[in-house]
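Protein chains: 2
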Amino acid sequence: MTHTTYDELSKKMKEVRLLSNCSSILGWDMRTYMPSEGIEQRGEALSTLGKITHVKMTDPQIGKLISQCSGLEKIQQRNVELWKRDYDRETKIPADLVIRLTKQSTKTEGKWYEAKRKQDFGLVKPDLEILLELVKERAQALDAEKPMYDVLLDEYEPKMTAAGINSYFTPLRDGVIKLIKKYQDAVADNPPDISIFDKNIPVDAQKHVSKWIMNFLGLPPNRSRVDEAEHPFTTGYAKDVRITTHYQEDPTAAIYSTFHEGGHALYNLNTPEEHWYTAVGDTVSMGIHESQSRFCENIVGKNPTFLKNFYPNVVQKYMPAFQSVDTDTFIKSVNAIIPSKIRIYADEVTYNLHIILRFEIEQDLIAGKISVAELPSIWNDKMEKYLGMKIENDAEGVLQDTHWYAGLFGYFPTYALGNIYNSQMLATMKTSIPNWEEQLASGDFSKIRNWLVSNVHNKGSLYDPIDLMEKICNQPPDTKYFLDYLNEKYRSIYNL
Amino acid sequence: MTHTTYDELSKKMKEVRLLSNCSSILGWDMRTYMPSEGIEQRGEALSTLGKITHVKMTDPQIGKLISQCSGLEKIQQRNVELWKRDYDRETKIPADLVIRLTKQSTKTEGKWYEAKRKQDFGLVKPDLEILLELVKERAQALDAEKPMYDVLLDEYEPKMTAAGINSYFTPLRDGVIKLIKKYQDAVADNPPDISIFDKNIPVDAQKHVSKWIMNFLGLPPNRSRVDEAEHPFTTGYAKDVRITTHYQEDPTAAIYSTFHEGGHALYNLNTPEEHWYTAVGDTVSMGIHESQSRFCENIVGKNPTFLKNFYPNVVQKYMPAFQSVDTDTFIKSVNAIIPSKIRIYADEVTYNLHIILRFEIEQDLIAGKISVAELPSIWNDKMEKYLGMKIENDAEGVLQDTHWYAGLFGYFPTYALGNIYNSQMLATMKTSIPNWEEQLASGDFSKIRNWLVSNVHNKGSLYDPIDLMEKICNQPPDTKYFLDYLNEKYRSIYNL
Numbered sequence: 001m002t003h004t005t006y007d008e009l010s011k012k013m014k015e016v017r018l019l020s021n022c023s024s025i026l027g028w029d030m031r032t033y034m035p036s037e038g039i040e041q042r043g044e045a046l047s048t049l050g051k052i053t054h055v056k057m058t059d060p061q062i063g064k065l066i067s068q069c070s071g072l073e074k075i076q077q078r079n080v081e082l083w084k085r086d087y088d089r090e091t092k093i094p095a096d097l098v099i100r101l102t103k104q105s106t107k108t109e110g111k112w113y114e115a116k117r118k119q120d121f122g123l124v125k126p127d128l129e130i131l132l133e134l135v136k137e138r139a140q141a142l143d144a145e146k147p148m149y150d151v152l153l154d155e156y157e158p159k160m161t162a163a164g165i166n167s168y169f170t171p172l173r174d175g176v177i178k179l180i181k182k183y184q185d186a187v188a189d190n191p192p193d194i195s196i197f198d199k200n201i202p203v204d205a206q207k208h209v210s211k212w213i214m215n216f217l218g219l220p221p222n223r224s225r226v227d228e229a230e231h232p233f234t235t236g237y238a239k240d241v242r243i244t245t246h247y248q249e250d251p252t253a254a255i256y257s258t259f260h261e262g263g264h265a266l267y268n269l270n271t272p273e274e275h276w277y278t279a280v281g282d283t284v285s286m287g288i289h290e291s292q293s294r295f296c297e298n299i300v301g302k303n304p305t306f307l308k309n310f311y312p313n314v315v316q317k318y319m320p321a322f323q324s325v326d327t328d329t330f331i332k333s334v335n336a337i338i339p340s341k342i343r344i345y346a347d348e349v350t351y352n353l354h355i356i357l358r359f360e361i362e363q364d365l366i367a368g369k370i371s372v373a374e375l376p377s378i379w380n381d382k383m384e385k386y387l388g389m390k391i392e393n394d395a396e397g398v399l400q401d402t403h404w405y406a407g408l409f410g411y412f413p414t415y416a417l418g419n420i421y422n423s424q425m426l427a428t429m430k431t432s433i434p435n436w437e438e439q440l441a442s443g444d445f446s447k448i449r450n451w452l453v454s455n456v457h458n459k460g461s462l463y464d465p466i467d468l469m470e471k472i473c474n475q476p477p478d479t480k481y482f483l484d485y486l487n488e489k490y491r492s493i494y495n496l
Numbered sequence: 001m002t003h004t005t006y007d008e009l010s011k012k013m014k015e016v017r018l019l020s021n022c023s024s025i026l027g028w029d030m031r032t033y034m035p036s037e038g039i040e041q042r043g044e045a046l047s048t049l050g051k052i053t054h055v056k057m058t059d060p061q062i063g064k065l066i067s068q069c070s071g072l073e074k075i076q077q078r079n080v081e082l083w084k085r086d087y088d089r090e091t092k093i094p095a096d097l098v099i100r101l102t103k104q105s106t107k108t109e110g111k112w113y114e115a116k117r118k119q120d121f122g123l124v125k126p127d128l129e130i131l132l133e134l135v136k137e138r139a140q141a142l143d144a145e146k147p148m149y150d151v152l153l154d155e156y157e158p159k160m161t162a163a164g165i166n167s168y169f170t171p172l173r174d175g176v177i178k179l180i181k182k183y184q185d186a187v188a189d190n191p192p193d194i195s196i197f198d199k200n201i202p203v204d205a206q207k208h209v210s211k212w213i214m215n216f217l218g219l220p221p222n223r224s225r226v227d228e229a230e231h232p233f234t235t236g237y238a239k240d241v242r243i244t245t246h247y248q249e250d251p252t253a254a255i256y257s258t259f260h261e262g263g264h265a266l267y268n269l270n271t272p273e274e275h276w277y278t279a280v281g282d283t284v285s286m287g288i289h290e291s292q293s294r295f296c297e298n299i300v301g302k303n304p305t306f307l308k309n310f311y312p313n314v315v316q317k318y319m320p321a322f323q324s325v326d327t328d329t330f331i332k333s334v335n336a337i338i339p340s341k342i343r344i345y346a347d348e349v350t351y352n353l354h355i356i357l358r359f360e361i362e363q364d365l366i367a368g369k370i371s372v373a374e375l376p377s378i379w380n381d382k383m384e385k386y387l388g389m390k391i392e393n394d395a396e397g398v399l400q401d402t403h404w405y406a407g408l409f410g411y412f413p414t415y416a417l418g419n420i421y422n423s424q425m426l427a428t429m430k431t432s433i434p435n436w437e438e439q440l441a442s443g444d445f446s447k448i449r450n451w452l453v454s455n456v457h458n459k460g461s462l463y464d465p466i467d468l469m470e471k472i473c474n475q476p477p478d479t480k481y482f483l484d485y486l487n488e489k490y491r492s493i494y495n496l
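For the protein sequence lines, the chains are A and B, in the order given.
Just so we're aligned, residue 1 is where the first sequence starts under full-length UniProt numbering, counting upward by one.
Just so we're aligned, residue 1 is where the second sequence starts under full-length UniProt numbering, counting upward by one.
In isolation and in its complexed conformation, chain A is listed as follows (with noise of 0.2 Å):
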């Protein structure tokens, strides 16, 4: 009887799965091939689709069926769990406002596009304002017990709280700084030259390195792809993962794109096929799918005994114009500690910065301690006394990143949390593979994935990501591991 009941809810399940697989297909199709006059049609049509994903989502059928599981084995409970999760946030808000939300963050961001071309934020202000009004409605619909940040934080970051992030988070801004005014001086008597990357590298040799870092990383042609977007992205489930990347004039973009999205894409394909259309099945967070991908791109892909491999039998090879610069000094630029106004072209180590300065504003707008309307200007501040960035307008500055205009509040902080928990899986694997950079630098990734998929991949949403980072590595997340490996990377890079 019980065992029905798990039977018809998993069912149910396994077909909104399916429908929001359909989605994202037609959403990679929309960025990758679609004919540039196809963009209403099918925003429509997703829009269709997305309201029956949401219907079959919220069957009170499925609320009954929840209630009525019983004497199930553990993975069954977490199933439940999470589809009770998913069937209570579902529910939870009215239909009234999903549409009110959807509107008005499409409109929002339709102005944003504007705004930013025109350098005024003024022209988005008044958007933002009722949005950001509405994703408080939500919030509140949510849970009305619980700070607004923190029900937010939670719809990417299960149970992480902005206390939490914080922990993380003050540690992080004064390693960081400390680490970048501890390079200040070696950085200055040996400059990286970024120039080195203005090549203007044809797209056919760009796509041959993409190939070769997809099969590096090990993702199957029969199972994974890698297209073209603009901006790059994975997406994708089971045995159909794709990603895309993007060619322009300095190869590096296309480089470490492939390597990012390819760490995404290698979590997607390897979570438990036993359980794939249930929740079991699904990744786990926002903050874990960063953690593979800045693995990938970072720790990897920028990774200089990598490198010293790498460089010369693939950039070179199929690069020939990087022959004049030699493999230090790549090692040095791809590595360069240098604060960039734009968050997406930062590096590894002032990323956080850009990270640590919206959660900080977005925080503040929730509980209402700034107006919509102070934004550029806290921003512009916070940019001077974190990275020493003077910014002229509000296109390099407030509004650079899309995700408030979309209404994504409480998003930013995964992107460095990824950083956070990489780090210390990183830790934790060296005791296994200490060789691990002999390992990569003979171009072999394979026990390094091996482990990533058995620790990580291969227990898809089994936990939570505190709980699966206590599996992980014995301890809660620390920003400790982060800072050792920034530290030692640039101990490494530097000589000192």
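Be aware that a few hints might be false.
Where chains are identical, the list cannot tell them apart; a pair therefore holds if satisfied intra-copy or between any two copies.
[Unchecked claim] Once the Cα atoms are required to be at most 25 Å apart in a straight line, the calculated DSS-like pairs of lysine-lysine come out as: (1) K56 x K12; (2) K103 x K11; (3) K430 x K317; (4) K390 x K84; (5) K489 x K11; (6) K136 x K182; (7) K211 x K447; (8) K107 x K14; (9) K159 x K74; (10) K471 x K92; (11) K182 x K111; (12) K14 x K56; (13) K12 x K103; (14) K118 x K489; (15) K51 x K14; (16) K14 x K182; (17) K107 x K11; (18) K103 x K14.
To be clear, the hints were calculated from the coordinates, so they are not data collected in a lab.
Treat the numbers as computed from the prediction; the structure is a model and nothing was measured.
Starting from the known structure of chain A, arrange chain B on it as the hints suggest.
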């Protein structure tokens, strides 16, 4: 009140149309870019989407709205009439029959692959027998009063009957056989050399020619695209219509697939925009669709006057291997009347005999005059009688096409109807564009395209196919025009 009813109905039907667009694009992806291992997952996703679309289409609320509509304008009335036709069809078939049919046709098609590979009809015979009974059961459910074959035909070519088809196909068969005999000696004296096509042309050169054809036909890059698939097809709707072609050693495979699918695409792109997402905004039938594809493929793409320009300026330009073959040889070889065992490789003349053969057999099969077991021998006898071809094994005989094994009976005649329709359209078009061949020779398709758009494409589903033909040509379909077209063409090629 009535206005609201119609609007509500339109909204529901638009939703169905958008869902079927989602399925089309996911089907396109499956046949072009999807990693091979994704097939099972995609099958499940498409079947989930199919079930949802069916539920939406058979929603009793739609039946109610249809019956409540009144006081409509002419086009609204036509929409309601077409929606009722679809609704009645979808609701008349019991749900369990839909499931049994889907399962049995999937199973039979699987067996067909195996049977074709092993050249053994016996392997698929038992499943084809079951499938045939289900197809007949379905026809009975749709309309127990009408002859079963007419019910099946009506699904692909509304209002068409076996008697109607017979009235076209009898003179078609006689005329084609007469034509073959007439040119027998001329062809023997001056035999076409199809070995000239075995050139192993690089795929890139073939892609350039495909792009040239897309541009020539007037398929705008912001609303269409061309990709590669094993079996060429066209899909998409409104502002996003896609064709596929295939690149083989013989480049005419790609050239004529692109012309053919380009014709389908032009039709899909040019249905009346003001009626998109309603029934009137869709293409009307398989026969009319095929008339457009074969117009571009044969009437345009194989036209000697057109080839006098296209061959030296496009084929020879992009494919230097053809520089040793003169224009006249190419024209004769592209238009060679050489009987083939395989329908899809048949020339413009003998192609029709392949269709007539299938039409005769499937009619007798549905009527119970012949059994599934007799299919191979009856097939082989007719091939010898109509085309003088001796079939050595079932793979090159009754197993060559997938249609019957996928449950598609009544579909084949539309391929030949397309030829009958388009040559009659051509006869009408000539009265307003007498210099149509000169236009083609100068590389200008715009006037011809505009004629097709305003007379055929822009009519959408406003009229049933036979009525549409009467509107365009001021008379019902008549095979005479196709035979005249063929005779005139071959007279000019062989100077007889």
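Non-conforming hints, listed in increasing numerical order: Failing hints, ascending: 3, 4, 5, 6, 10, 11, 14, 16.
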